Structures are given as C-alpha cells and as structure tokens.
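Enquirer: First to last, the protein sequences are chains F and W.
The first sequence maps to residues 1 to 246 in our numbering.
The second sequence maps to residues 1 to 246 in our numbering.
Since the hints were derived computationally from the structure, they do not count as laboratory data.
Remember, it's a predicted structure, so these values are computed and weren't measured experimentally.
Keep in mind that a hint or two might mislead.
Said to hold, decoys possible - Straight-line C-alpha distance at most 35 Å; calculated DSBU-like pairs for lysine-lysine:
1. W/90 - F/90
2. W/87 - F/87
3. W/90 - F/87
4. W/87 - F/90
Said to hold, decoys possible - Sample of chain F residues facing chain W (criterion: CB under 8 Å; computed from the structure):
5. 1
6. 2
7. 97
8. 102
9. 223
10. 224
11. 227
12. 230
13. 233
14. 234
15. 241
16. 244
What the hints assert, rightly or not - Calculated Cβ distances over 12 Å to all of chain F for the following chain W residues:
17. 14
18. 76
19. 213
20. 217
Think of the CB as a built atom: it goes at the ideal place given N, C-alpha and C, for glycine as much as any other residue.
2 protein chains.
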Amino acid sequence: MLPRFFVPDLDPATEIVALPPDEALHLGRVLRLRPGADVRVFDGIGGEWCGVVAEVQSRRATVRIGASAAAAAELRVPMALAVATLKGDKMDDVIRDAVMMGVRSIQPIVSARAEMSTSEAARRARVGRWQRIAVASAKQCGRAVVPPVEPARDFTAWIRDQRDRADVGLMLVEPSAQTPVRRLRDIPTPSAVTLVVGPEGGWAETELTQGADAGLVSVRLGGRTLRADAVPLVALAACHALWDDS
Amino acid sequence: MLPRFFVPDLDPATEIVALPPDEALHLGRVLRLRPGADVRVFDGIGGEWCGVVAEVQSRRATVRIGASAAAAAELRVPMALAVATLKGDKMDDVIRDAVMMGVRSIQPIVSARAEMSTSEAARRARVGRWQRIAVASAKQCGRAVVPPVEPARDFTAWIRDQRDRADVGLMLVEPSAQTPVRRLRDIPTPSAVTLVVGPEGGWAETELTQGADAGLVSVRLGGRTLRADAVPLVALAACHALWDDS
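All chains should be modelled from the sequences, with the hints used to inform the complete structure.
Expert: This is the structure in structure tokens:
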C-alpha cells in the first residue's frame, strides 16, 4: 500500500493540493518522502486519488493530484458503534480498531459504570484526540472514509433518541444475554446495525431496561469473560462474518 | 468473578492444596487475600473447584478445596490457531487474545516473512513466557483449560504434517483470497477448525502453494488492511459467530 494522506475538503479539480500541517509533517519528517514519490490522498468521505509529491518543506508539503483510485470498500451493511468510555489508552484502542473494522460512526457514551466522566470525555473530544486516532487508523487500513467520533453523551439521553431507529440495534450484555451472537444468523441481513457496548463493569439494571425499551436486542459473545476493550472488535467481527460480503 | 488460581495436576481428593509459587504470590502479594477468602482453583484441563484460602505466607499459600464449580464453557467447535511470529509484545497480545477467544492450542510458526527467528522463538518458549501469558489469560477469561503454546516450528515442516488433517483448515490471506469469510456460512458446521494466520508482511508465494496443497481454504476478512496482531482475534470471532453457539 502506498503512503496515504488525508486532505479534508479535497477538490479533485485542483491540480496541486497542500496537505494539512499534521499530514505534511508525516510525509516529510516521519516518512521522509521527497518530490516525485508516489502517494495516495483521500478526502475522508470516500474519495481517493493517486498523487505525486510536488514540494516538501519543513512544515509544508504539496501533492500533484492524478487519477482517482480505489480505496478499501466500505461495509455493505453499515455499522455504527456506541461504546461506553473506557480508561485512557483503552478507549484509544477501541476507536482505532472500530475504524479498522469499517464502522460508519463512533458514539462515546457515559453510562452509570463508565470509566470516564462526561467532562473528561468532552475534554478529549475538544482536543481532537479521538478524531485524530480515527484519521490515523483510516490511513493505515486503507479506508477513504474517516468516520466521525461524535461528542460523548450520557447513556440515558442517547438511548431516548434510539426509539425510532430503523436499523437493527444490538446491545452487548455479558454473560447473561439470552441470545448468543450465532443466533443472529436466523434474522434477515439488516439494512444497518448499531452495536452498543458497555463498560468494564457492565450495564446497570436500569440501562438494560432502557435498552430493551428502545428495541435493542441483547446478545452475548460467548461463555468467556472478554476484555472490555476487545468487545467492540469481537462484536464487529461477528457482525461482519454474519452479514458483510466484502 | 471470584479470584481464580491455576493448580496444575490438582487432585480434588486432596483436602488442602498448596498453590504454585507464582500463584501464591498473586494471591498474597497482588490481591492481598487472607485466610477465609473465597476463591476458585482450576487444573488447566477443565476442572474447577470452589475453595477457601487456608494459609498465606510470603511465598506460600494453601487453599481448602470445596465443591466442583462451573468454568466458562469450552467451544463446541474446537479451534486451533497456527500463527506466524510477530514482534515481541504483539505476539504476547496474540496469545492472550487467542486464549480469551477459546482456542484449544496455539502453534507459533516461523514463516518466510515472520518477524522472529526460530532461535528467538525457541528462547521465548524456553523461558515459558508464552505459556505464562496463556495461564494469565485463562485466569481472567474464566476458562479452566490452559491451552498449550507449542514450540515454534518452521512453516514448511509444519505444513507437511497438515496433509491428513480431518478438521477444516483456513488460511488467512489478505486481501487477495477468493473466499470472503462470510461464504463460510455455506459449509456445514465443521467438527474442528485450524486457523492459519500469516505475519505482517504476508505469506510468500511458495507458502500459499504449500497451504493449498495441504487442503487449506484461503479466506479473507474484508477489504480493509487489518493490523497483523488483530487478525487472529478477528478471525476467531468470525468463526465463533458462524459456528459456535455458546
């Protein structure tokens, strides 16, 4: 895979585009690319193009845009992830992995037993940390789409908005959920999926009730206790195996 | 989940068992348990019992054995993992995650592009590092089975022994394999599965040919480039969703 760079709002009619400062540093300082090097650029909403490095200075790099190129295919069954916040680095890993598994959006949720307060989650969102991780993951996994990491919300407020969802909503509940994930084979391929993953300490009883009231199907991933930060990856891989054919 | 301790060769007819030194340290120094505390002990081959801490000294701890107890269920479709060695910590994570996902054995493989030499892999096996990681993961995920981490083998020698396998063998080949994992829905539930995962740099052409000659089905997990250390977890989750009903 050629080195890939993210240029939001890229207009392919432009002959030469300047990379954003972070991307210019990555090109020049980290990868040490020089004028003439073949690269790819993508716009974060599905467009990807061949390119050739035109100019490299300390904090500036430009790329001459060429033909459009094929990025990694997006999922045929769009999957959204709503995930209770985990401690520091674990949340970073969840976002990295979810983008790699093809999610269309990530909604951090502060639930009763979540490991991060709403204000700490807001601080992380403000400094753009989670969105930068999403960009880095999209670059590595070959997607031309950078899924948005939404501002964190309280579970109770978020679940109220889920009542009229048209997609299939799955609430991961270990180990007590009635439905093992394999039983999902028996339902028709959904038009879209929302996966709702709890924190290390699990859901509170009231949250389980609110989830059921909002039409979420409670599923479990197996008899073993999974690390909380592995659950989104395992659940997305399961849904992918059941429904996506890319 | 109560704290769990691994006692190989545990004889449940014994009234009081002494924990191995590592486990005694974990009980006394790390968890600071005292006589009278409720615990679980397991023998690594499927047996688990209730227990009560009897005695704690600096490097010694004993447990009074009670009734037998239910551990996490083992997979109905046994899954073995053969995985090309990755750099240091990544290989540790692969072993931890594979045990958590319920594998029955782990075979480290030195392939043409593997990131660890046979001698380095042998050194790590000799010091028991990988097997200790398997024990720690079994303790955390609730399994009473500690899967063996076999001595590393060269791919060419290992694949020769795979020709007469009775189970279904899947060779993960990104991104060029013809069969997306979802197509595996169409085959009958296998009696057992061996998953064969390559290194960061992928398989050499000759290895792909050797795999096909040994009857391995080449599958891919989707259009995106997955981190090499995430592939075993994603592939095991996919097989679990397709075939296991625990």
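Enquirer: Could you run down the list of hints and mark each one as holding or not?
Expert: Status of the hints after comparison with the structure:
{"no.": "1", "hint": "W/90 - F/90", "in the structure": "holds, 16 Å"}
{"no.": "2", "hint": "W/87 - F/87", "in the structure": "holds, 26 Å"}
{"no.": "3", "hint": "W/90 - F/87", "in the structure": "holds, 21 Å"}
{"no.": "4", "hint": "W/87 - F/90", "in the structure": "holds, 21 Å"}
{"no.": "5", "hint": "1", "in the structure": "holds, 6 Å"}
{"no.": "6", "hint": "2", "in the structure": "violated, 12 Å"}
{"no.": "7", "hint": "97", "in the structure": "holds, 7 Å"}
{"no.": "8", "hint": "102", "in the structure": "holds, 6 Å"}
{"no.": "9", "hint": "223", "in the structure": "holds, 4 Å"}
{"no.": "10", "hint": "224", "in the structure": "holds, 4 Å"}
{"no.": "11", "hint": "227", "in the structure": "holds, 7 Å"}
{"no.": "12", "hint": "230", "in the structure": "holds, 7 Å"}
{"no.": "13", "hint": "233", "in the structure": "holds, 6 Å"}
{"no.": "14", "hint": "234", "in the structure": "holds, 4 Å"}
{"no.": "15", "hint": "241", "in the structure": "holds, 4 Å"}
{"no.": "16", "hint": "244", "in the structure": "holds, 6 Å"}
{"no.": "17", "hint": "14", "in the structure": "holds, 27 Å"}
{"no.": "18", "hint": "76", "in the structure": "violated, 10 Å"}
{"no.": "19", "hint": "213", "in the structure": "holds, 26 Å"}
{"no.": "20", "hint": "217", "in the structure": "holds, 14 Å"}
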